[in-house]
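Novice: For reference, the chains in residue letters:
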Amino acid sequence: ILNVEQSPQSLHVQEGDSTNFTCSFPSSNFYALHWYRWETAKSPEALFVMTLNGDEKKKGRISATLNTKEGYSYLYIKGSQPEDSATYLCAPPGGATNKLIFGTGTLLAVQP
Amino acid sequence: DTAVSQTPKYLVTQMGNDKSIKCEQNLGHDTMYWYKQDSKKFLKIMFSYNNKELIINETVPNRFSPKSPDKAHLNLHINSLELGDSAVYFCASSLAGEAYEQYFGPGTRLTVT
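Just so you know, the sequences run in chain order A and B. With this note's numbering applied, the first sequence corresponds to residues 249 to 360, in that order. With this note's numbering applied, the second sequence corresponds to residues 1073 to 1185, in that order.
Just chain B, same shape as in the assembly:
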């Protein structure tokens, strides 16, 4: 059974389009995250939700909007895609608190042409 799943795995789209990436976890965790792996392979937090409430909102363009319909799902919607949005996006989940390990999804490779 997949613990943290993301769809799609690959996403190729043109500049200006709007796209969504979905994430689901079946671990019973109450906290979910979106990370971006940049061109230098550095992993940076974008957003975190705890029980459907936004608790971390890093400095990302407001074209990026997370949505958590329930605590098992956290989706990422991106408007007006730009070339610089090309990256691998990872979803993760954990129990609430810094002392709990995070479980990562397989990643979504977004390519904007």
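Chain A extracted, bound-state conformation:
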């Protein structure tokens, strides 16, 4: 069973703070890592798909980095806003075609 760990489990920050969280996964047989944003009462939305060691991707105030050799990815949010409040999920492939294994997520709450 693929072990995907995300930390912290939850995070409360003030509006304007910058924050980051971690996704750890087995580094063997790596192919791609997905990040998804999941707002309460909505469905997950893709943020990034990262495939190369050292990859860095950015979408507005959100960015992510990838280290496939040591098996981790960081997600950064610069200047958090209340609308950033959501659960952030990472998902490496699960050893079968098209299969992703989702982590339990980091729940971010941004206080205005």
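Rather than coming from a laboratory, the hints here were simulated on the basis of the structure. All values derive from a computational prediction rather than experimental measurement. Watch out, some of these pointers could steer you wrong.
With a straight-line cut-off of 27 Å between C-alpha atoms, the simulated DSSO-like cross-links for lysine-lysine are [what the hints assert, rightly or not]: (1) B:Lys-1091 to A:Lys-326; (2) A:Lys-326 to B:Lys-1081; (3) B:Lys-1143 to B:Lys-1112; (4) B:Lys-1139 to A:Lys-347; (5) B:Lys-1091 to A:Lys-347; (6) B:Lys-1094 to A:Lys-290; (7) B:Lys-1081 to B:Lys-1113; (8) B:Lys-1091 to A:Lys-317; (9) A:Lys-307 to B:Lys-1113.
Based on the hints, put chain B in the right spot on chain A.
Specialist: Positioned in the frame of chain A, the structure of chain B alone reads:
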């Protein structure tokens, strides 16, 4: 235009009944998925179809049977519903391969009483 749609959005039914959830995508994707969000809000893959062929079949009770009439549709039929089947079920679609992002439907909240 809705990219991935599911019907119904809410489904309340009694134990022992048989029910179906439908999913349709208009993104031209060839791969579709069913996920279950369990009570701990954990998202777990159940099934995946690629071009109407079953490619992922996780350890789920055989009361759950997916059906893909064409690559734009993936339905989930559940026989003899049990209390423990209560959950939110998400459909998703993508291009084939792990490097492509998945697009999720709005979810179907199933409540078994």
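Novice: Next step is simple, just say for each hint if it's right about the structure.
Specialist: How the hints compare with the structure:
1. B:Lys-1091 to A:Lys-326: violated (45 Å)
2. A:Lys-326 to B:Lys-1081: Violated, because 35 Å separates the two Cα atoms, which is more than 27 Å.
3. B:Lys-1143 to B:Lys-1112: Cα-Cα ~31 Å, so violated.
4. B:Lys-1139 to A:Lys-347: Given that 27 Å is the threshold and the Cα spacing comes to 18 Å, the pair holds.
5. B:Lys-1091 to A:Lys-347: With a Cα-Cα distance of about 26 Å, the restraint between B:Lys-1091 and A:Lys-347 holds, given a limit of 27 Å.
6. B:Lys-1094 to A:Lys-290: holds (18 Å)
7. B:Lys-1081 to B:Lys-1113: holds (17 Å)
8. B:Lys-1091 to A:Lys-317: violated (46 Å)
9. A:Lys-307 to B:Lys-1113: Answer holds: A:Lys-307 to B:Lys-1113 is near 26 Å, not above 27 Å.
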